[in-house]
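Dock the two chains into a complex; use the hints.
Those sequence lines, one after another, are chains P and U. Residue numbering for the first sequence follows this note's numbering, starting at 10 and increasing by one per position. Residue numbering for the second sequence follows this note's numbering, starting at 16 and increasing by one per position.
Since the hints were made in silico from the structure, they are not lab data.
So the derived list for chain U, only partly shown, Cβ under 8 Å to chain P, looks like this:
| no. | residue |
| --- | --- |
| 1 | Asp591 |
| 2 | Pro639 |
| 3 | Gly663 |
| 4 | Asp711 |
Chain U residues, not near chain P, derived (Cβ > 10 Å throughout):
| no. | residue |
| --- | --- |
| 5 | Asp238 |
| 6 | Asp335 |
| 7 | Leu391 |
| 8 | Pro649 |
Predicted model, so just to flag it, every value in this text is computed and none were measured. From the three backbone atoms N, C-alpha and C, an ideal C-beta is built for every residue, glycine too.
Listed below, chain by chain, are the residues.
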Amino acid sequence: MVPSLQVVTEPSPEGVRVLASGELDLHTAGDVTDALATAEAGDPGAVVLDLSGITFIDSTGLRLIVAASVRSTRNGNHLSIVPSPAVDRVIDLCDIRGQLPLS
Amino acid sequence: MQETFDALVVLSGVGIAVVAARSHRRNKRDAARLSALGAIADAADGTLSLHDTAHRIADVLVPALADQCVIDTVIGGPGLRRVAVRIAGPRAEPQEEFLRGRAPTEPTSGFGSMATVTAGRPQLIQADESIARQVATSDEDLAGLVALGVRSMTVVPLAARGQTLGTLTLVTTDVSGRRFTESDLGVHQIAAGRAALALDNAGLDRDLRDAERQLGVAIGALDEAVTIMDAGGRTRYANPAAVRLLGFDDAEQLYAAEPGELMDLFDVYGEDGEPLSLADVPSSALLAGVHDPPPLLVRTVWRSTGDSRWLVQRATAIRDERGALSRVVNVIEDVTVMKRSELRARILAEASEALASSLDYELTLQRVAELAVPELADWCGVAVPDGRGFIRTLAVAHADPARVEFARDLGERYPEPADAPMGTAAVIRDGVTLRMDEVPDDLLAAAAQDEEHERLLRGLGIRGGMTVPLRAGGRTLGALTLVSAESGRRFDDDDQALAEELGRRAGMAVQNARLFTELTSITASLQQGLLPAELPRMPNWATTAHYQPAGALSQVGGDFYDAFETPNGWMVVVGDVTGHGADAARLTAVARFALRAVAELTGDPIAAIGQLNRMLLAEPQLSPVTLVCVLLGPLADGAVAAQVTCCGHPRPLLVAPDGVIEVGEASPIVGAFADLSWRSSRIVVRPGETLVLYTDGVTDARGPDELFGPERLRAALAEAPESLSGLVDHVARAIHEYRVGAQSDDEAVLALRLEPALVPVAGSAIAAVPLV
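Isolated chain U, as found in the complex (with noise of 0.2 Å):
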C-alpha cells in the first residue's frame, strides 16, 4: 500500500511539476509577448528607412512571437515585394536567404501573403507536405521550403489608413516544435496592426523626403523667392532666390530665424501707400485660418539698407487629410522693375497732362510737384530765376502739407541767391543734373547761411536727391528737385531719366507760357498797325469808330475798317473776314490794301470789289470776306449822296430825326465765287444824320434767350444821346449788358455823321460859310 501511495505522491509531484513548469513556460510566453508588442512600437521612429523599419519589427518578432518572419509590402511598389526576412535557429542565413529570393506565392493558390493581400483576412495556416507541394514552383523550390521545417504560420494583412500595405507571415517550424493556434493569430493581428503603422511612417517620412528633394529641386532654380513654413509660422524651407530677396548668407540663419523676427526685418506698404502689418500677408492670413487668401502687391522696404521693392506676394496651405493646416507655401515675386516702369510712365503721363491743361505754369508746376511726392520721392521743388539775383521756389510738394509750409517758410526766409557755387544754383547755371544719393553733414552746414538755416534745414530730414534743369530750346529756365527723407529710398539711374524727361517737358511748358504771353502782346501791337488808330479827318463829316476783338490774347480779330480818299470822294469800308489768328490778320491787310488801290485809282467801289474777289479767289483757302463800302459825295444841295455796296454783310444804318432805317442791298459775299456782279445803291444824307456800319459781332451777341439782333441795334441808336461818341458809346454798353457769357465774335461800330451846316443868321453880318 505505501508503495502505492509513494508512488502516487511521486506522480502527483510530478504532475504537478509539469503543470506548474507549463503554467511557468506559458507566462514566460506571455510575458515575451507583451514585451514584443511593447517593442514594435519603438520600432515605429520616422527617421528609419522602410527596410530597417521592417528588420526592426522582425527581430522583435523572432524568436519571441515565432521562428520565422517574412515582412512583404507594397509601399514603395509597385506591387508586393520582399522587405524583411528573420529566422531564428540554425542555418538561418541560408534559409533567410532562400526566403528572401523567393517571390511571393502567387494568390491563386489560396495561400500565402498575395492571397492575404487579395482577400483582407488573416490567415492561420497549419501546414504539411501538401500544402508546400502545392505552392512550389519547382522541385529544387519545393525542396527548400520542406527543408524550412515549418510546422504553422499566420499571414496576417498589414494595414493602416485604411489601405492594406502589405503582410506580415509568423512561422513556427521544428525548431520550437511549436503550432500556432487562434489566441496566437489575435496576438499576431495587434502586432500587424502596430507594424504596420510602423511601416506606413516609415514609407512616409521617406516618400516626403524623396519629394522634398524632387521638388526642392525644381523650386531651386526658379527666380521667384518661395518658401515653406510650418503651421506654427517657421520657416521649413527656403529656395536660393527667397534666401537672396531676404538678406540672408544662407538657407540655415532662415530657418533658425523665429516667425516674429522675419517681418522685423522690413516695413511693408500696400499699393495705396499705407503701412501693412503682419497680419496683412496672405501668408499670415493663411496661418490666422483664411481661407484662400488672395496674392497682395506691397511695397517693401528693408529697414537696414533703405531699399524698396515691389513684391507679389502667394500664400498656398497644404493641408493634411483631415484638412488641418500642415504647411504654407510663399510664392515671392519681384515686380520692382515692371511697377517702377509704369508708375514712371503714369507719372509722365499725369504729368504731361497737367502741364498742357494750362498757361499758368505755376499752379501746373505745383500739380506735377505733388504727382512726384509720395512715389517717386519724399520731397519735390521746382525752382526759377527771379530776375533780381535770387532763385525762387515755385512748387513745393510733400505728403504731409504741415511739412510744405515749413519748407515755403524756410524758402522764403532764406533765399537762395542766382549765384551761389552749388545746388539749385548750380544746376541752372550749367544744366546738368546734379544727384547724391547721401548727403553728407559738411554740406548741409556749407550750404546754410547761418546756424537758425543749418538747423532748419536739417528740419527736413534730407537724406539725397537730385536736381535737374527744366530745359527748353537749349536753355535752362529752371530746376526740378526730388528729395530722399523719411523714406530712405535710394534714387537710381531709371529714376534719374525720369526726373530728367520730367524737367525737359516742364521746361517746355514754362517756355510756351511766356512765348505766349510775348506773342499775345505782340499780337497786340499788331492789331494795332492792321488798323487805324483814329480815322482820318473826312471833311464835312465826324467819324467815331468803336472796335471790339472777340478773342483772348492772341486771338487776332477778323473784323476791319478803313477810310481813305477816291477821286470820287471819301470812301469807307467796314469789313470781316471769317476767322481769328495769323491768317484772318493777313487776309485783313489784304483786303484794305486791295480795296484802297483800286478804289484810290478809279473812285469805284465795284471795280473795287471785283478786284478784291479775284484776289481771294486766288487765295489757296477759300476766304470769303463781307463788307460795306460807302462812297461819300461831295455836299450838294445840303446833303451828300452816297453810293452804298454791301457784300453779304449787314446792311447799313441811317439814324435821322424821323428814326433809324436800313439802307442799301443785298449784294454776294466777295472771294466765294467767280462771274459775281455787285449792285450799289444810291442814299441821301442829310446833315445831322448819322450813318452806322456795323459787323455781325454785335447783332450776333449772344444773350439771355436771344441775340442782341438788329431790333434792339435799332432801338439803341434811336434812344442815344446827341453827341456821336455818346452814341456810339451807348450802342456799345447796350450790347455789353445784354450780352451773356463770352464775347465771341469781334464787335465794330463805325459811325459818320453829317456835320449840320452853318445857317447865316437872316440880317446878320456873317456870311455863310460854303461848305466844301
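The shape of chain P in the complex, shown without the other chains (with noise of 0.2 Å):
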C-alpha cells in the first residue's frame, strides 16, 4: 500500500528543503509538522517547504502552512512555500495569499 503522503527532507544551496507529496490531511500532517521541526531545529539559512506535489490539503495542512509561517515571522527564519494547484486553491479560499512568503 502506497502511503497517502511521501515527506522527503534533503539538504539545498541555501540551507534545507522539505518535500511533501500527496496528501495533505488530519493523518498526515504530523509527518510534515516533524520534518518541518527537524529541518528548523537544525539552524538552517533558508527553509523551502515544497508543497508542488500536494493534490489534496484540508483544513489540518492550512493550519500547518500558516503555523509555519507565522513561526517563521517570530523566529526570523527564512522560509518559503511552494504551492501546487491544490495549495493554491486553498490559500485563495482564505485569502491569505498576501500574509505567506509563497514563492
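Following this line, the structure appears as C-alpha cells:
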C-alpha cells in the first residue's frame, strides 16, 4: 500500500528543503510537522517547504502552512512555500495569499 | 683290556651323567624362565603404584633370569631415575643400596641405561674391569662396581605405546658365575616388553588418579554441577553441586544408581514446553554416538517435590587414543533465576501490550490470561463483580481448550457470590493477595456449594494458587487468579510479585476503559451543550441543520453554527476550528460567543470578526478558524438583502429556481494573522430561495476515486426534494452513499429558506399580510 503522503528532507544550496507530496490532511500532517521541526532545529539558512506535489489539502494542512509562516515571522527564519494547484486553491479560498511567503 | 673298557664305561657314564645333568639344568632353567615371563604379566596390576610394580617385576626376574636387576624409568619424571634394584646373593642389601644410590651412567660412555634409552637398542655386555673403569665416577665408585662381581649384563629398553619408558638392566655376577648369551638377550627383550606394559599401566593409573584428584579439587568448588559418566552411562564422579542438584545426600548414592534410575527422578521439558525424553539430553546423545551435541536448555521438574528449574546441560566427550568414548563430562548450569526473570519480564511486557491494544477489556484480559499459561501457571482467570451480587468470570485460560470449556461451564453453573467469606470475593473486598501453596481438602469442600460442585472443583485438579487484586486508583475492581494443577509447580515470592504487577496493570486497563466510556457520554452531552439543539425561529425564514461530527467516542467536533438577533437583523454563522477534542470544543465556544457578543451589540459582522481575530491571536496555540457569517436584512420589496462575509471558508450556495450558485467572496482565515481586513459582499435572496452554508467535511468526503467536491454538492442540491428538511436529508444521504471508509471530518450543513410570501388572490377578501 502506497502511503498517502511522502516526505523527504534534503539539503539545498540555501539550507534545507522539505518536500511533501500526496495528501496533506488530518492523518498525514504530522509527518510534515515533524520534518519541519527537525529542519528548523538544525538552524539552517533557509527552509523551503515544497508542496508542489500536494494533491489534496484540508484545514489541518492549511493550519500547518499558516503555523509555519507565523513561526518564521517570529523566529526570523527564512521560509518559502512552493504551492501546488490544490494548495493555491485553498490559499485563495482563505484569502491569505498576501500573508504567506509563497514562491 | 678290561680295565680300559671299564674306565671308558665309567668315563662315558660320567659323560652321560654330566650331559644329563647339564640338560636337566637347562630344562629347569627354561622352565624357570617361562614361569618368570608369565609372572611379569601378573605384576601388571593397575592398582599398584609404579614403585611397587617395579619391585614386583624385579622380584620375579631375580634370581629366575639374573643375579641382579635394575629398573630405571622416566615415568613420573623428569629424566631417567632408578625405581627398583634387586640383588640375589650374600651382601644383597648393601649392594642394593649402593646401586640404588648410583645415578644412571652417562650415555656418552656408550654403556648403561641412558645409552640404551638414547640408542633405543638393547645392549649385551660381557663385563670386564676396563668397562667398570670407564663408567666409574670415582675410585670409590669403581671399588663398588668391582665388588659387584659383574660377569655380564643386558640393558633393554622398556617401551610401551610407542614410547620409551626406561630400561631393564639384568646382570649376572660371581654368584651364579654365568654369562648371558644372545638367546638370553632375546628372552630379556620379551621380559622387558611385558614389564614395560606393567609399568605403563601402573604409571597411567597413578597419573590418572593424580589428575583426578587435582581436577576434583577444582571442580569440587564450582557452582555448576559437574558429573563424569563412563561409556556405559554410569556416574563415576559428581561434584558437591551436582549431588545437591540431583537431590542426593552424598556422591556414593549417586554412583550406586543405575543410569536409567537417575532420569526417572525428573520430568524434562524443552524451551517450547514439549516434554523431552532421556535420549534428548546431550550426555545421552554423546553416549549414543552423536559427536558434538549442542548445549540444551531444559526445564526440569523433580517428580518428588514438584520443584521446577531451568538448566543448561552441556556434555563433552573424553576419548581414548583410538577415538572411542571413554568418559562423558556433564556440566549443568542452573539458570532458573535468570530464565524466570526473563520470563516474567516478557510476560509483563506482552501483557501490557495486550492491555493497551484495545478498550475492549474482556478481550484484552483474556489475552493476558492466555499469556500466563502454561509458563506461570496451569490455570489463569480474571473475575470482576457483576454489580448484581455475584462475581463474574471475564477470562479463563489453560493450555488445554477443553479444560477451559469445563471451567467456564463450572463458573456459570455455580457463580460465586460477591459476599462469600473467602476466595476471589474476599480478595476483591479486601484488596489483599491470597496465596495458598497447598490447597487443603477441607477448604475445597467448604468452598463448594454442593456435592456436585465439589466434585467439579476437584476436577480442576487444583494443588495450589494465588489470587491478586486488580487495583486502580486505590480501588479493587476485580481479581486475577493463578492456579497450579497438573504441573505441581510451586509459586514463589517472585511469582507473586509478577502476579500483583499484572493485577495492577489489568486494573488500570479496566479503569481506563470505564473512564473512557464515561468520557464519551460526557462528551456527547457537552457536544449537545455547545451547539444549539434547535435553531431559533427567525421570522420569514425556515431553517434546518444537519450536523454530524466525525470522531468516534470522545472526539468532539470542530464545526460550529449559531443564529442570533442583532440590531441589523438576524446573523447566522457556520464555522470550523481545525481539530478535535477538548481544545477544539473550547475554541468553538470562544468563537461562537465572541462573534455573538460583538454582533449583538454592533450588528457589524466585520467588527465581530475583527474582535474574534484578536482574541484568537492571543491564544497560546495557533488557532485558525474559518467561518461564514450571514447578516440577514429585513424583507423589503419582496426580497432580503444579506451581507455575506466568508473567512477562509467554503462559500455559501444559493439554491434558486434557475440553479445553484456560489455567493460571497473569499476573505482571510481568522486567528492566524494580525492587520488583516475582511470584506463582505451583498446578495439578494428571493422568497423560496435557499441559502446553504456548509463546512469542508462535506466537500472533502472521500469517495472511491476522488472527493465529493462542490460539483456533487451542487448537483445534490439541484435535484433535492421541495421541502427544506428533504433537501438537507437528500444532501446528507448523498454524502453518506458516496463516502468510502470512515468519516474523517465533521459535516455541517445549514439551510435557510426565505419563506414564500402569501400573495393575495385578486378580488379575494383576504388581505395581504405584511411580512415583517
